[in-house]
Amino acid sequence: MSATPRIRLRGLRKAFGAKQVLDGVDLDVVAGHSTVVLGGSGSGKSVTIKCILGLLSPDEGLIEVDGQDVTRMSRAERAALLDRTGMLFQNGALFDSLPVWENVCFKLLAQKRVTRAQARDVAAEALAQVGLAATVGELSPAELSGGMQKRVALARAIAARPDIIFFDEPTTGLDPIMGAVIDGLIVDCVRRLGATALSITHDMASARRIGDTAAMIHKGRIVWSGPAETLGHTGNAMVDQFANGEREGPIQMELRR
Amino acid sequence: MTAALDLVALLGRTVLGLLRALGQVSLFAAEALSHLVRPPFFLRQFARHFVEIAYFSLPVVALTALFTGMVLALQSYVGFARFNAESAIASVVVLSVTRELGPVLAGLMVAGRIGAAMAAEIGTMRVTDQIDALTTLSTDPMKYLVAPRLLAGTLALPLLVLIADILGVMGGFLVGVLKLGFVPQTFLSNAWDILQPMDVISGLVKAAVFGFVIALMGCWCGYASRGGAQGVGQATTRAVVAASILILAFDYLLTAAFFS
Numbered sequence: 001m002s003a004t005p006r007i008r009l010r011g012l013r014k015a016f017g018a019k020q021v022l023d024g025v026d027l028d029v030v031a032g033h034s035t036v037v038l039g040g041s042g043s044g045k046s047v048t049i050k051c052i053l054g055l056l057s058p059d060e061g062l063i064e065v066d067g068q069d070v071t072r073m074s075r076a077e078r079a080a081l082l083d084r085t086g087m088l089f090q091n092g093a094l095f096d097s098l099p100v101w102e103n104v105c106f107k108l109l110a111q112k113r114v115t116r117a118q119a120r121d122v123a124a125e126a127l128a129q130v131g132l133a134a135t136v137g138e139l140s141p142a143e144l145s146g147g148m149q150k151r152v153a154l155a156r157a158i159a160a161r162p163d164i165i166f167f168d169e170p171t172t173g174l175d176p177i178m179g180a181v182i183d184g185l186i187v188d189c190v191r192r193l194g195a196t197a198l199s200i201t202h203d204m205a206s207a208r209r210i211g212d213t214a215a216m217i218h219k220g221r222i223v224w225s226g227p228a229e230t231l232g233h234t235g236n237a238m239v240d241q242f243a244n245g246e247r248e249g250p251i252q253m254e255l256r257r
Numbered sequence: 001m002t003a004a005l006d007l008v009a010l011l012g013r014t015v016l017g018l019l020r021a022l023g024q025v026s027l028f029a030a031e032a033l034s035h036l037v038r039p040p041f042f043l044r045q046f047a048r049h050f051v052e053i054a055y056f057s058l059p060v061v062a063l064t065a066l067f068t069g070m071v072l073a074l075q076s077y078v079g080f081a082r083f084n085a086e087s088a089i090a091s092v093v094v095l096s097v098t099r100e101l102g103p104v105l106a107g108l109m110v111a112g113r114i115g116a117a118m119a120a121e122i123g124t125m126r127v128t129d130q131i132d133a134l135t136t137l138s139t140d141p142m143k144y145l146v147a148p149r150l151l152a153g154t155l156a157l158p159l160l161v162l163i164a165d166i167l168g169v170m171g172g173f174l175v176g177v178l179k180l181g182f183v184p185q186t187f188l189s190n191a192w193d194i195l196q197p198m199d200v201i202s203g204l205v206k207a208a209v210f211g212f213v214i215a216l217m218g219c220w221c222g223y224a225s226r227g228g229a230q231g232v233g234q235a236t237t238r239a240v241v242a243a244s245i246l247i248l249a250f251d252y253l254l255t256a257a258f259f260s
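Top line first, the protein sequences correspond to chains A and B.
With the working numbering applied, the first sequence closes on residue 257, and no number is skipped along the way.
With the working numbering applied, the second sequence closes on residue 260, and no number is skipped along the way.
For reference, chain A alone in the conformation it holds in the complex:
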């Protein structure tokens, strides 16, 4: 296990108008580890991932992947980085105009790394890894249940064998059993690929299942990080309140009456 952070964030700031969403995020994601970032709705979890992937530009701060500053990368360097990353979106973000097998092999087909005939076999293999039959490949995303869409999205994220994978709320909207199934698949896929994983979630059961390391973001800052197995009894009042779902504590919901 390497101690070098594969992803390193320092002083990351991002505002939308007057709303300061990220207010100096510092985070290390160790190579080969699965790191989970916890936080309530609107705490800046998704914005953090989008800044790392280049989908949003940070206002200030450093984002390094393998020691390279992502914010100063050329178009070609960024493309090379995206070639070795995978991303599972919260709602799957499958392309409705394409059948499942083309969704799964989209990156490989777009880069002409496989022919269309080969892509069907690669898709079948990736679908098998997430517990879906090859026949699912012929369906359109609209014909799938929420759990199946999530699994197809996972298959798409791993089909090009990335070494960094991002998971945005992987279990949101799923029943607890399907959530556990997806978490199990995520753990299997990440281990099989030997990848570095960065997940964001507010599902504590999911965080414990998929994370080696956890961090908590609150009001745009990382307020705690440590082993995921200690969640719920970390000694940090904020994290423990969040992990145990307690109403009283240092985190106060802003409710208007």
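Mixed in with the good hints, there may be bad ones.
[Claimed, not checked] Below, computed lysine to any residue pairings styled on SDA-like, alpha-carbon distance capped at 25 Å:
id: 1; chain 1: A; residue 1: 112; chain 2: B; residue 2: 50
id: 2; chain 1: B; residue 1: 179; chain 2: B; residue 2: 201
id: 3; chain 1: A; residue 1: 112; chain 2: B; residue 2: 78
id: 4; chain 1: A; residue 1: 112; chain 2: B; residue 2: 45
[What the hints assert, rightly or not] Chain B stretches covered by chain A per the calculated footprint, using a threshold of three residues with CB under 8 Å from any CB of chain A:
id: 5; segment: 136-142
id: 6; segment: 177-185
Worth flagging that the hints you see were computed from the coordinates, not collected in a lab.
Cβ atoms here follow ideal geometry from the backbone N, Cα and C, with glycine treated the same way.
Position chain B against the provided structure of chain A, taking the given hints into account.
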């Protein structure tokens, strides 16, 4: 005094907003065009949109052209009969259809059908993270979504207008011969004698510009949409309205350029 200043401020904001939008659309178009000459090319996407525009818009464009030609012959007859100028009807039909009505009406029909569909599809992709997903899958959304649509719109509309020209003249011919009692050979020779290559060419050039404008507004409004179903609905409306107005504006500019 304050009311007058408020009015000036409102006017200034509107003008600045229009200029900003113009700049954004220009940059958007320039970036999309740059992808047309830089590989990789998504030919399958181009083919899909070309068929969607050229083939599936054919019924509505054909019917519009046919009935317009028929109405034009009928209306011209009512007016020209007063001056004993019925023989000019064939000329009026063929020139009006090839120079103006063919491209403009086909453009407006396609704007309603295709511009709206493009804005809705791309807008939905925007609000459901599919455009972000394209980026994370190492595919430039401008190259995959926008460039093929712009090329398909620019090439498909002249084809549609060529068919609309033929059907529009045929509509006028049918009414002229079957209802108004023209001799078929006379109607056709009158039409053929007046028609110049530039009449057809100018219509086809207009069609190419209109096709580009329709695809550009559909893509841009969809790409810039925000905020869920309501945002997508607004983007769709904006795309059709903007494309329709731009078609009429460009029609005037191109007519002035060709025939002044």
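Results of checking the hints against the structure:
1. The straight-line distance between the Cα atoms of residue 112/A and residue 50/B is roughly 23 Å, inside the 25 Å bound, and the hint therefore holds.
2. Between residue 179/B and residue 201/B, the direct Cα distance comes to roughly 31 Å. Violation of the 25 Å bound is thereby established for this hinted pair.
3. For the given pair, residue 112/A sits about 63 Å from residue 78/B by alpha-carbon distance, which is inconsistent with the 25 Å threshold.
4. Taking the CA atoms of residue 112/A and residue 45/B, the gap is about 15 Å. The hint holds against a cut of 25 Å.
5. Counting residues of the segment 136-142 of chain B whose CB lies closer than 8 Å to any CB of chain A gives 4, so the stated coverage by that chain holds, three being the minimum.
6. With a threshold of 8 Å between beta carbons, the proposed coverage of the segment 177-185 of chain B by chain A is violated, since 0 of its residues qualify and at least three are required.
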